[in-house]
Amino acid sequence: MMKKLQKLGSALMLPVAVLPICGILMGIGYALAPAAMGAQGDTTGFLYVLGFFLIKAGGAIIDNMAILFAIGVAVGLAKEHEGTAGLAGLVAWLMITNLLSTGVVSTMLPGWIGEENSTNWVAFSKIANPFIGILAGIIGATCYNKFHATKLPDVLAFFSGKRSVAIVTGVVSILVSVVLLFAWPVIFGALVAIGNAIKGLGAVGVGIYAFLNRLLIPTGLHHALNNVFWFDTIGLGDLTAYWGALLQGDTMANGTYIDWSVGMYMAGFFPCMMFGIPGAALAMIQTAKTNKRKATIGIVGSAALSAFICGVTEPFEFAFMFLAFPLYVVYALLYGIFAAVTVALGFRAGFMFSAGATDLVFSASLPAAANTWLILPMGIAAFVVFYLVFLFAIKKWNLKTPGREDDQEGELAIELANDDFTQMAQIILEGLGGKENLTSIDHCITRLRLEVKDRLLVDEKKIKSSGAAGVIRPGKTSVQVIIGPKVQFVYDEFKKLAK
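Sequential numbering from 12 applies to the sequence shown in the numbering used here.
Keep in mind the hints are simulated off the structure, nothing from the lab.
Please read all numbers here as calculations on a predicted model, not as lab measurements.
Incorrect hints may have been included.
[To be verified] Computed cross-link-like contacts, DSBU-like style, restricted to lysine-lysine with a CA-CA straight-line distance of at most 30 Å:
no.	residue 1	residue 2
1	Lys-305	Lys-157
2	Lys-157	Lys-407
3	Lys-407	Lys-90
4	Lys-472	Lys-157
5	Lys-497	Lys-446
6	Lys-472	Lys-173
7	Lys-472	Lys-510
8	Lys-464	Lys-407
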């Protein structure tokens, strides 16, 4: 089970790798053109056009992250990372999200979906989320791994092999959609019920909400809670009231009476996103292996910058949530604590997009804003606490955060003794007992990962004579050949020879 989760985490890093640049583009774009995201500001001139352009460039990826997961997870989990699996993942995504869209469900079962803004209606309107994307990717990869070598009768021979994968995926996706038709509203409705239960708990309730909000990010189900607290799903609407320049005691246009302190369900995210994440990122950088520190700075440093500027946190969160999920739970808990404390101290702020510096600047002038100066002491406290907690946890439990993965020390700095990749691959193949002795060929960031039939045929000295840095045998039939950062080139040649 643990190996499967680790493999899923590795597969998720493929689409996640593109997120940092998107967060930076959106952050810079929002700073130049806040009106492009709904805030007050100028909507004319060169800066607005440039900012709008950058926001759309970054949003093209961020807004379609679920689709990236569907394709990326499928490719990452498939044997030999075959692109056909990515197509299957996309097929699964399109089938499920279309079959469970509000229009289709309301046509098939008119009484099931209910009226607009009912729990079931909101649930199906949020079906295109990262959780479904990951599920679609798993379906696509599973179907590829099981059916890519399927042989059909001659009359259907055209659909044999890899061509059968998308067809099987479609059938499986229909069956999964039938299950989700009844299961998804239950899951979504349970989250709405939780929101109702904690509504009257004041600052403590805010802390619980913030904790669950972050904890549910990997599944995309945080949208359910957000609809409860930010919009008028159950008679709340913190975001709507804040930007409508309303205060406690007012009544919104839809008749909702404001019986909460406006901004309380948004304010607590600001110190965590603007300062807590940079503190946690610094801890990750300091605890990264020396030879991986530059790469770690690139991953979590840019992610921290995007979180500070515009509150885009996914690049940071997805960088470690699957590598060290217990730490992610602690991370969510810190959000809950700071959200409760921030609200209790009287800090009120809101956002149109997310809790970054740009939103804080443009929301601070609205009537519901209060004690915004507290962002400095609260921010400093968040930076220090996140930094110390992450530093302690990573070191104490040797957590595999970015830069601390299991690759052998020094692998990323390896300089191969042989730059003839074809020759290297040939020698390694001979050392493994030839292609007839292979059952599986794969690679990670620095190693060839292989499975063999007969372990006694493996000649480690022969393999090392190719110029490889080392050989590891983690299991009876498992062989890992350490190549270094140029492993992709050796892998490509190795696959050609092993056909």
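Restraint check for Lys-407 with Lys-90, where alpha carbons must lie at most 30 Å apart: Given pair Lys-407, Lys-90 is violated - Cα atoms ~35 Å apart, limit 30 Å.
Restraint check for Lys-497 with Lys-446, where alpha carbons must lie at most 30 Å apart: With Cα atoms ~22 Å apart, Lys-497 and Lys-446 stay inside 30 Å; holds.
Does Lys-472 pair with Lys-510 here, judged by a C-alpha cut-off of 30 Å? The hint holds at about 24 Å.
If you draw a straight line from the CA of Lys-305 to the CA of Lys-157, is it 30 Å or shorter? Violated, because 39 Å separates the two Cα atoms, which is more than 30 Å.
Does Lys-173 sit within 30 Å of Lys-472, going by the straight-line distance between their CA atoms? violated, 37 Å
Pair hint Lys-157 and Lys-407, alpha-carbon separation not exceeding 30 Å: Given pair Lys-157, Lys-407 is violated - Cα atoms ~41 Å apart, limit 30 Å.
Pairwise hint evaluation, Lys-157 against Lys-472, where the allowed Cα distance is 30 Å at most: violated, 35 Å
Take the C-alpha atoms of Lys-464 and Lys-407, compute the straight-line distance between them, and say whether it is at most 30 Å. violated, 39 Å
Of the numbered hints listed earlier, those contradicted by the structure are 1, 2, 3, 4, 6 and 8.
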